[in-house]
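Given these sequences and hints, build the entire structure.
These are the residues of each chain, in order.
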Amino acid sequence: NAGVTQTPKFQVLKTGQSMTLQCAQDMNHEYMSWYRQDPGMGLRLIHYSVGAGITDQGEVPNGYNVSRSTTEDFPLRLLSAAPSQTSVYFCASSLQTPFEKLFFGSGTQLSVL
Amino acid sequence: AQKVTQAQTEISVVEKEDVTLDCVYETRDTTYYLFWYKQPPSGELVFLIRRNSFDEQNEISGRYSWNFQKSTSSFNFTITASQVVDSAVYFCALSDITDSWGKLQFGAGTQVVVTP
Numbered sequence: 001n002a003g004v005t006q007t008p009k010f011q012v013l014k015t016g017q018s019m020t021l022q023c024a025q026d027m028n029h030e031y032m033s034w035y036r037q038d039p040g041m042g043l044r045l046i047h048y049s050v051g052a053g054i055t056d057q058g059e060v061p062n063g064y065n066v067s068r069s070t071t072e073d074f075p076l077r078l079l080s081a082a083p084s085q086t087s088v089y090f091c092a093s094s095l096q097t098p099f100e101k102l103f104f105g106s107g108t109q110l111s112v113l
Numbered sequence: 114a115q116k117v118t119q120a121q122t123e124i125s126v127v128e129k130e131d132v133t134l135d136c137v138y139e140t141r142d143t144t145y146y147l148f149w150y151k152q153p154p155s156g157e158l159v160f161l162i163r164r165n166s167f168d169e170q171n172e173i174s175g176r177y178s179w180n181f182q183k184s185t186s187s188f189n190f191t192i193t194a195s196q197v198v199d200s201a202v203y204f205c206a207l208s209d210i211t212d213s214w215g216k217l218q219f220g221a222g223t224q225v226v227v228t229p
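Note that the protein sequences, when read in sequence, are chains Y and B.
Residue numbering for the first sequence follows the working numbering, beginning at 1 and increasing consecutively.
Residue numbering for the second sequence follows the working numbering, beginning at 114 and increasing consecutively.
Quick caveat, the hints were computed from the structure, so don't treat them as lab data.
Hints may contain errors.
Unchecked claim - Using 20 Å as the maximum straight-line C-alpha spacing, the simulated EDC-like pairs for lysine to aspartate or glutamate come out as follows:
no.: 1; chain 1: B; residue 1: Lys116; chain 2: Y; residue 2: Asp38
no.: 2; chain 1: B; residue 1: Lys216; chain 2: Y; residue 2: Glu30
no.: 3; chain 1: Y; residue 1: Lys101; chain 2: B; residue 2: Glu130
no.: 4; chain 1: B; residue 1: Lys183; chain 2: B; residue 2: Asp199
no.: 5; chain 1: Y; residue 1: Lys9; chain 2: Y; residue 2: Asp73
no.: 6; chain 1: Y; residue 1: Lys101; chain 2: B; residue 2: Glu172
no.: 7; chain 1: B; residue 1: Lys151; chain 2: Y; residue 2: Asp38
no.: 8; chain 1: B; residue 1: Lys216; chain 2: Y; residue 2: Glu59
no.: 9; chain 1: B; residue 1: Lys116; chain 2: Y; residue 2: Glu59
no.: 10; chain 1: B; residue 1: Lys116; chain 2: Y; residue 2: Glu100
no.: 11; chain 1: B; residue 1: Lys216; chain 2: Y; residue 2: Asp38
no.: 12; chain 1: B; residue 1: Lys151; chain 2: B; residue 2: Glu123
no.: 13; chain 1: B; residue 1: Lys216; chain 2: Y; residue 2: Glu100
no.: 14; chain 1: B; residue 1: Lys151; chain 2: B; residue 2: Asp199
no.: 15; chain 1: B; residue 1: Lys151; chain 2: B; residue 2: Glu130
no.: 16; chain 1: Y; residue 1: Lys101; chain 2: B; residue 2: Asp168
no.: 17; chain 1: B; residue 1: Lys216; chain 2: Y; residue 2: Asp56
no.: 18; chain 1: Y; residue 1: Lys101; chain 2: B; residue 2: Glu157
no.: 19; chain 1: Y; residue 1: Lys9; chain 2: B; residue 2: Glu157
no.: 20; chain 1: B; residue 1: Lys151; chain 2: Y; residue 2: Asp56
To be verified - Ranges between beta-carbon positions, derived for each pair:
no.: 21; chain 1: Y; residue 1: Pro83; chain 2: B; residue 2: Glu130; range: 22 to 28 Å
no.: 22; chain 1: B; residue 1: Phe167; chain 2: Y; residue 2: Asn65; range: 46 to 52 Å
no.: 23; chain 1: Y; residue 1: Pro75; chain 2: B; residue 2: Asn165; range: 27 to 33 Å
no.: 24; chain 1: Y; residue 1: Asp73; chain 2: B; residue 2: Pro153; range: 23 to 29 Å
no.: 25; chain 1: B; residue 1: Ser174; chain 2: Y; residue 2: Pro8; range: 31 to 37 Å
no.: 26; chain 1: B; residue 1: Ile210; chain 2: Y; residue 2: Pro8; range: 20 to 26 Å
no.: 27; chain 1: Y; residue 1: Pro83; chain 2: B; residue 2: Asn171; range: 42 to 48 Å
no.: 28; chain 1: Y; residue 1: Asn65; chain 2: B; residue 2: Tyr177; range: 20 to 26 Å
no.: 29; chain 1: Y; residue 1: Asn62; chain 2: B; residue 2: Trp214; range: 31 to 37 Å
Unchecked claim - Where chain B lies over chain Y, by a calculated footprint (3+ residues, C-beta under 8 Å):
no.: 30; segment: 79 to 86
no.: 31; segment: 103 to 109
What you are looking at is a predicted structure, and each value in this text was computed from that prediction instead of being measured.
Idealized CB from N, CA, C, for every residue including glycine.
Take a look at the structure:
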């Protein structure tokens, strides 16, 4: 019962470095999304995908890239990390749409120095 | 544009007290979905309930109940006889069909602290 798997759990980067946060689900879900969680701001949508090959921007997409080459995987790329990207990142998926129950990964705590 | 307001930042109660979490939403759409999620201290997010805009019936699940009122654009959550395990951050969220398709909007969350 893997569900939604996020790696790594913790990461420290220096300003300007790039990295990819991995997200994989084994439930054959079409809808996948990335959120960042900051104190006092709830969860904010970064990017989402409604199926392989289809992605779109959320509320805070700047500085992040995504692609969806398979149904299972939805990686989030930080192109040039900035201290403002220090946050906890969550990947989530649902069967087909954002109107259904979301299954969340366990989160990635990212610090950018 | 859709918006969710959870005005209560933190609520502290003693075990067995009832606690009500407020959620006020804004949307121009007539078709939308409302959610509540729980985030315990371990950090994972857990789905609690989903409501669509055409179903205003209140719902009860064990000690949890939800009051959906379209007239006041509110979807409040009550925990009856709270327990220490209820200590968590609770998020209300909104997703509408037309204006913001694909985008689930979360409120800022309410931290509930239940002390023995």
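If any of the earlier hints don't hold here, list their numbers in rising order.
3, 4, 20, 21, 22, 26, 28, 29, 30
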